[in-house]
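Engineer: Residues per chain, in single letters:
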Amino acid sequence: MILTILYGILRLALWLLLAPLLPGIINKVKAWVACRRGPPVLQLYYDLARLWKKGVVLSTLASPGFIAAPAVGWVAVVGAAVLLPLGPAGATLGFRGDVLLLIYLLALARFCTVWAALETGSAFEGMGSVREVSYAVLTEAAILAAVLSLCVHSGGLSLAVILTPSAGAGAALLAAGLFTVLLAENCRVPFDDPNTHLELTMIHEAMILDHSGPPLAAILHGASVKLLLFSVLLVQAVLPLGDFSPLVATGVLAGGVLATTVGVGLVESLLARFAFKQVPFLLTLAFLLCLFALLVAWKGGAA
Amino acid sequence: MIVGALLSTAALGLLVGFGLGPRHSRAWLGATLVATAASLAAALTVLLGFEPTWEWSGSFRIGGELPHLRLDAISALFLALLSVIGGAGAAYSRDYWSDHHYPKSAGRGRFWWSGLVLMMGLVLVEVNGLHFLIAWELFTVSAYFLITLENRGRKVRAAGWLYLAASHVGTLCLFAFFATLASRTGSWELGPQLRDCAALAPLFWLMLAGFGVKAGVFPLHVWLPSAHANAPSHVSAILSGMALKIGVYGIVRFSGWLPTPAQAGWVVIALGAVGALCGIAFAFAQNDLKRLLAYCSVENIGVIMIGLGAALLGATHGDAPWGRLALAGALLHVWNHGLFKALLFFGAGSVLHSTGTRDMSRLGGLWKQMPWTAGLFALGAVAVSGLPPLNGFVSEWTIYLGLFDAGIAHSSVAWATMPVAIVLGMAGALALASFAKAGALTFCGAPRTKLTAHAHEGGAWMIGPMLVLGGACVAIGLAPALLWPLIGRVAGAWNPAWAVADAAPASLFTLGYVHVALALLALVAVLALRRRSTANGLRRGLTWDCAYAAPTARMQYSSGSFAGIASGWFFWLLRPERKVQRPHGPLPESACRVERVPETVLEKLIGPVGEGALRVSTAVRRLQHGRLQSYILYLVAGLAALALLVLLEGTL
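Chains A and B, in that order, give the protein sequences. According to our numbering, the residues represented by the first sequence are 1 to 303, in order. According to our numbering, the residues represented by the second sequence are 304 to 955, in order.
Simulated from the structure, these hints should not be mistaken for lab results. Just so it is clear, CB atoms sit at the ideal spot from N, CA and C, and this is done for glycine as well. Wrong hints could be hidden among the right ones.
To be verified - Simulated restraints, written as ranges between beta carbons of each label pair: (1) B:Leu841 x A:Ser245: 52 to 62 Å; (2) B:Ala831 x A:Ala259: 27 to 37 Å; (3) A:Phe276 x B:Arg885: 21 to 31 Å; (4) A:Leu6 x B:Pro674: 53 to 63 Å; (5) B:Arg885 x A:Lys299: 14 to 24 Å.
Claimed, not checked - To list a few chain B residues with every Cβ distance to chain A over 10 Å, as calculated: (6) Gly689; (7) Asp708; (8) Leu821; (9) Gly844; (10) Arg896; (11) Gly913.
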């Protein structure tokens, strides 16, 4: 019993401590492509520590929900991350239908971010919220199609079962679809530009303009956990980790997450942000990719 | 035995309330609360299995038929919800529609409230077709009088009229349904014995149309938005929370009692998917808070239909276990939707009560004056968006499990359930968008107009019922496994093949624990973050509008602009009407842009059909104009025609 709890805490700590590494790696890759030196890989850790010690400036309009929402959103994202199995280590708490809980926990985090953004009455944050909730309709469809294809392929309904075997013949389709969803859900180029300070072009950054101090730290940390979550999900969905020995599988998982992160950095370096009118088309494309993966999984099962 | 006594108490309480209502508001409230508590106890006794069914038949005749009442698990499920909403609404109306504010209509409101609750309860326990129809008609009419309580407004009267007309189209189908049933079986008696008569299967469609109008199944929902928006809010709450569910009850009840055609499941699940997506698309585009809630009911009825359709498919595919899961989800969603929608309508009612407007583009920043209402509305918004750890997620999750399992089982049904699962996900995302909009635009940000200046929190009688409903939403979310035996009993009453007494699936237990853990962690995180923030020093400042120092409330996103992107994707369905007056010259005098989403189905689909019918009737009416000479001419012509007929017959 105590061992289980200790093990759970260890895994949680792993998630919380490793997550801020990813944005640092992405920034390093971008700097490398642009022949710059770039910020240190650990920059986000420094930022978080600094923000945690800082005071808070609240909008005069903000209600207590303005501080509560980032906290609830952070718990939702971390909860979703803890549900995810980690290669050979399996899931801490696998149960049938946990994959749906994961999707809806991310939705809860979205609700919290949007609510907090609208608390300020700012036009910019309204703009970000509208984009966030609208594009989510399409990403939700893509994620559900991807999950369905994994379920149909593996014949299970819990994350530990559906992520163990390879994605089969539809793996390439699924990888492309899920990678696009990863970019959209984590507000990366070509959907959003996390670096720009032109608010008109942003989604996520526009929603958190008014946050400062510890709540901003919670939001930034939550966003990095979400990025790690999607990378781990993508790698496990596509690669047959169950076929390797535990040691190799761990290495493959870590390598896969690293490769995904570098991939995000490369996309960000080589691609410009799309015009907002094109975003729905790209998301529809992601949905179609996942849908075809589902059809392939269906055919594969019937044969 | 106990159930009989409890139900008699309930009926007596409601009848006493019926008599006392117009004059004595306190005694009426007491009687109604006692009655609803008694009927809740009766329903729970049956649901918990202490008394599997309660039956009573009289020895006297009403309309030539012996009265026959039965309370089984299915009826009890709906009766429990009716009791909760009936009681909560009565308490809420004490301050909301008091004699002080509405001296003319408050008494009438109490009178018809008792009538409505009594008749809905009667519909739920009636097993004689003729008496069912009578109770159904009385229930419809009571609801009409409640919708039109404030009958001075033209819009209210129009909404009431539309409701009455649409309801009677439904009732007409039900007349045909029950009459055919009676003529085929030779008795008005209803019950599971009908299932053995395969020739009755086509009647399913008549039943679906009749009850579908009342349930607000898309596209038969045309009466629903205007009736819900214009009725007093406690009436909207019971209409949406319970009256729609009576339609669902009819569909559940008779799809269990009647043999179903092979296509039934496919049609019901398709209707559900279309309703869920279209309903929520309309909801997102609304500017009127209560209209948004009303369209969201169309969506939730769609979700229930998805579950029920999957259950019908499961029943026809060898009583598959995934069908039982989907049915359990649908039944649980009946409760959940009733609870959170009543909560949201009460919240909207409090806003309307204190500001006088339902237009979200004129509201904003109400959390300062109405902190309780704001918090409870936010809770309801999370629940209705189907987010963990509240009750809406539990039922949607169970429906998802049914749909996914059908896909995994590789049955042919997967061609329906997998697309429907994706549609359900999209509808969920749109619901989140709609309720982030409804809640945050109304209660957060800066006040958009002066209407909110004098807003005030409702009294204890308005907050109390909302607290009860909110508490129920949280309780179901945190302990879903406790409800499994109840729902299992109802599923067994619907399809005897599923009447297995089993423990809740392990995953439902785990989900409950995870929900509790999440709720506790969220609480701890909120407190910790607040503490840290205050310890570091809190400072208030102007909203950061990118260095613009004089932001105004008009610069905020309005309800129309919030829906801009996503409702643009549904323009083929919503067909918004735009009036744009562009600014001209360097110093434009005026400019405006008005966008309205019409009742598309009503105006573009039902309207023209109705107009055609009206034109035909007007043409026929020309024959009847009151001129005696012409009537005599008709008579002579008729007689001559008859004589001719007889003559011709003779010669042939």
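Engineer: Any of the earlier hints contradicted here, and which numbers?
Structural biologist: When the structure is compared with the hints, numbers 4, 5, 6, 7, 8 and 9 turn out to be violated.
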